[in-house]
Amino acid sequence: MDRPEGKTGIIGWGVYIPRYRLKASDIAKLWGFDPTTPSSLGIHEKAVAAVDEDSITMGWYAASSAIKRAGIKPEKIEAVFVGSESKPYAVKPSGTVIGDALGVSRKRLTTDLEFACRAGSEAVRLVVSLVSSGTIGYGLAIGSDTAQANPGDVLEFTASSGAAAFVIGPAEDAAARFEAVVTYVTDTPDFWRREGSKYPMHGEGFTGEPAYFHHITSSVNLLMEETGLRPEDFDYAVFHQPNGKYPLRVASKLGIPKEKVLPGLVTPWIGNTYNASALIGLSKVLEEAKPGQRILVAPFGSGAGSDAMSLIVTDKASARVNEAPTVEDFLSRKTYIDYAEYAKSRHIIWRNWG
Amino acid sequence: MGKVFVAGVGMTKVGRIFNKGYKELAMEAVDKALNDAGIAVSEVDYLVVSSAFSDSLLNQVDISSILAQEMGIDVPAISVNTGESSGVAALEAALNAVRAGKSNTALIIGVEKLSEFPSAKINSSFSHVLDYEIEGIRGIAPINYAALLLKEYMKRYGVKRDDIFQWAIEMHKRAEKNPYAYLRFALDLDKARNSQVISSPLTLYDVAPLADGAAAAVLVNEDLQTTIRTQPVEIVATASATAPPIYLRNDMLDMLATKKALERLRTTVKFKMGKDIALQVHDSFSIYGFLALEELGVCGRGEGVKAIGDLQYLNVGGGLKARGHPVGASSLYALDETVLLMRDSFSGLRYDGDAALIHSISGAENNAWLALLKR
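Chains as they are written, first to last, in the working numbering: chain A, 1 to 354; chain B, 1 to 375.
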């Protein structure tokens, strides 16, 4: 049976990773963690957005790169969806700012989505649906976050900043076409931030087995069941990357060798960019994959849900890689800062403003 | 005084059980214990429940009445709390009831459900087994005392840090064979040595994991003993003592409560301590395991490390260390494992001895409880 998502594909992709990096060992030292904590999480350092960056600025940058790679005029884009759990405004859409700044058509659908780390992934699904139904020609799905963590919480080692964006349109023009997409969602309270609360809470070990692992294995198994695909049919696998260890463990549970996961694994060097996490991983894979190769992407968001997507790379991808800064460019562009600079940049220090 | 026997035992798997509440865990253990004994729930005439943190973590005072309601029985139901050693205290309460003729068939349930909460809250509650007004408000937790004891122990007896990991390594070997254990994996020295420092010099593998679990046992009197289908194991005696806080002891390596409880046990019953006895000692931290072996006379002072390799029947389920520490249920797990061992149906072990001893303490040995079993 032809799946509607088969009519669509990723036309262009783009990412943004802030320049600044904070070493996990600095966090361990400051808060008195055991020095082995970073390695137990598989994290070396994390990307820190500068004081004048937020999920809108980063989302805009990623989206402008995606449009460059897509090679289309911004006016042709008829939807802008932004997935974030760190919106600069509680009320006021990020998508309107980004859309206008990009020069996207004003005859557009625009909304911000929230589903912990997988709202960006749901944005992808929504644009895929709109394109496949013929409602729109092209749409923009963005995942962007300046993730917060309670200072001294284990989450602080990984919570970082970054963005990824995709122009999604007709399969004929795609760098990678969608083969199938499925979603698995339950009510699972593994991670949350209450209204008015500055930092999220999490259920420690509960974020693992009943949340991350259960949902990703469920969505991926559902995908395999519906498509008849098997783990060995995929050349790459990209999972949500809350730390450097979970993606490898979930791969092993699914019978996917780690060699297929490592190319898209970026968390050890930039941290968990939340809504951009798996999507930056996917972008990195798109920049190295060969035509015909099949990519499994399974983002996860707490609360909880996971999407499993199968994508097939086309011969159009490689020519678009150098149309905008690559993931590798961003990974190698870095300046180390200390905890004090990080605290200032991420507004951890409270001060009066006039 | 009539004899009292364990007619049935039942345990749930220890671990972080996210999909079951405490009642479900308790009922699972109860069903298993009643089935094991071949006794209907309607025959239970006395209920003792042991749970250290039902009030503080499950918001449940008087958990025994609530569990009696859950089972649909209207029997006398009491809750027992002596901290980490609550399980043996509950066993004594049930034993006394049967001996006093107040009960023919007493049910004991140990249940703990900790994984509902972040570890900061669990650890905070766990530290309340110490004197809150003196130790608690100063931020002292049991682990800090254990770290001090370990430092002193290594210094006094010239024991090396690596030697202490033998405890965890041995316990993990046992847990691998225990279907109910939490940490069912082999541990090697390298892994133990490189684990996180929790309270220097204690590292992760010196510490028993706090966990969820429920264990139940059915006690019957001598008259009923002949009607049950399992091989009876007798609860011969229990004994206990409290002791001054550790900071008031002349020697912090003395387990004063254990020593006193052992003296009391010996006044009521004769038994031989040795390396071949089936023994369950309290090892919330590995150092307590060694100290208990030495205080109970299994080996000389400072010789625990040398002795442990020969102790085939020590903590057969993996101890608190590797079976896991569902606090109020822990020593009932020890009881159930020992009963199964004495019926020759645990971990494929064959135990020829006729006696077994269970040891349980709370906090920095604020109390100690002992139970002697015979077949």
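FYI, nobody ran anything at the bench for these hints, they're computed from the structure.
From the three backbone atoms N, C-alpha and C, an ideal C-beta is built for every residue, glycine too.
Careful: at least some of the hints might be erroneous.
Anything over 12 Å on all C-beta distances counts as not near chain B; from chain A, calculated [said to hold, decoys possible]:
#  : residue
1  : D34
2  : P35
3  : K92
4  : T188
5  : R193
6  : M201
7  : G203
8  : G205
9  : G208
10 : P210
11 : A211
12 : H214
13 : L222
14 : W269
15 : Q293
Derived lysine-lysine pairs resembling DSS-like cross-links, with alpha carbons at most 25 Å apart [to be verified]:
#  : chain 1 : residue 1 : chain 2 : residue 2
16 : B       : K275      : A       : K253
17 : B       : K177      : A       : K253
18 : B       : K32       : A       : K258
Some but not every residue of chain A turned toward chain B, in silico, with C-beta under 10 Å [claimed, not checked]:
#  : residue
19 : S40
20 : S64
21 : E195
22 : S197
23 : Y199
24 : H202
25 : Y339
26 : E341
A quick look at each hint next to the structure:
Non-interface status of D34 of chain A relative to chain B is broken: a Cβ of that chain comes within 12 Å, the nearest being about 4 Å off. With a least CB separation of 9 Å from chain B, P35 of chain A falls inside the 12 Å interface cut-off, contrary to its annotation. At roughly 33 Å from the closest C-beta of chain B, the C-beta of K92 of chain A stays outside 12 Å, upholding its exclusion from the interface. Not every CB of chain B is more than 12 Å from the CB of T188 of chain A (nearest about 9 Å), against its label as outside the interface.
The claim that R193 of chain A lies off the interface holds: its Cβ sits roughly 15 Å from the closest Cβ of chain B, which is beyond the 12 Å cut-off. Not every CB of chain B lies more than 12 Å from the CB of M201 of chain A, the least distance being 8 Å, so the non-interface label is violated. Not every CB of chain B is more than 12 Å from the CB of G203 of chain A (nearest about 7 Å), against its label as outside the interface. The non-interface label for G205 of chain A is inconsistent with chain B: the shortest C-beta to C-beta separation is roughly 6 Å, within 12 Å.
Not every beta carbon of chain B lies more than 12 Å from that of G208 of chain A, the smallest distance being close to 9 Å; the non-interface claim is violated. The beta carbon of P210 of chain A sits about 5 Å from the closest Cβ of chain B, which is not more than 12 Å, so the claim that it is off the interface is violated. The claim that A211 of chain A lies off the interface is violated: its Cβ sits roughly 9 Å from the closest Cβ of chain B, which falls inside the 12 Å cut-off. The claim that H214 of chain A is not at the interface with chain B is violated, since a C-beta of that chain comes within 12 Å of its own (minimum 10 Å).
With a least beta-carbon separation of about 20 Å from chain B, L222 of chain A lies farther than 12 Å from that chain, consistent with its non-interface assignment. With a cut of 12 Å on Cβ distances, W269 of chain A stays outside the contact zone with chain B, its closest approach being about 23 Å. Residue-level check passed: Q293 of chain A sits 36 Å from the nearest beta carbon of chain B, beyond 12 Å. Annotation: proposed proximity of K275 of chain B to K253 of chain A is violated, straight-line Cα distance about 43 Å (limit 25 Å).
Between K177 of chain B and K253 of chain A the CA atoms are separated by roughly 23 Å; this keeps the pair inside 25 Å, and the hint holds. As the CA atoms of K32 of chain B and K258 of chain A are separated by approximately 42 Å, the hinted pair breaks the 25 Å bound. The beta carbon of S40 of chain A comes within 7 Å of a beta carbon in chain B, closer than 10 Å, and the hint placing it at the interface holds. Checking S64 of chain A against chain B: minimum C-beta separation of about 41 Å lies over 10 Å; hint violated.
Against a cut-off of 10 Å between C-beta atoms, the interface hint on E195 of chain A is violated, since the closest Cβ of chain B lies about 20 Å away. Because the closest C-beta pair between S197 of chain A and chain B is about 15 Å apart, greater than 10 Å, the hint is violated. Taking 10 Å as the C-beta contact cut-off toward chain B, the hint placing Y199 of chain A at the interface is violated, the least distance being around 13 Å. Proximity of H202 of chain A to chain B holds as hinted, the smallest CB-CB distance being about 8 Å (cut-off 10 Å).
Given the 10 Å rule on beta carbons, the hint for Y339 of chain A is violated: about 21 Å separates it from the nearest Cβ of chain B. The interface hint given for E341 of chain A is broken, as the beta carbon of that residue sits about 28 Å from the closest beta carbon of chain B, more than 10 Å.
Of the hints listed earlier, those the structure fails to meet are numbers 1, 2, 4, 6, 7, 8, 9, 10, 11, 12, 16, 18, 20, 21, 22, 23, 25 and 26, in rising order.
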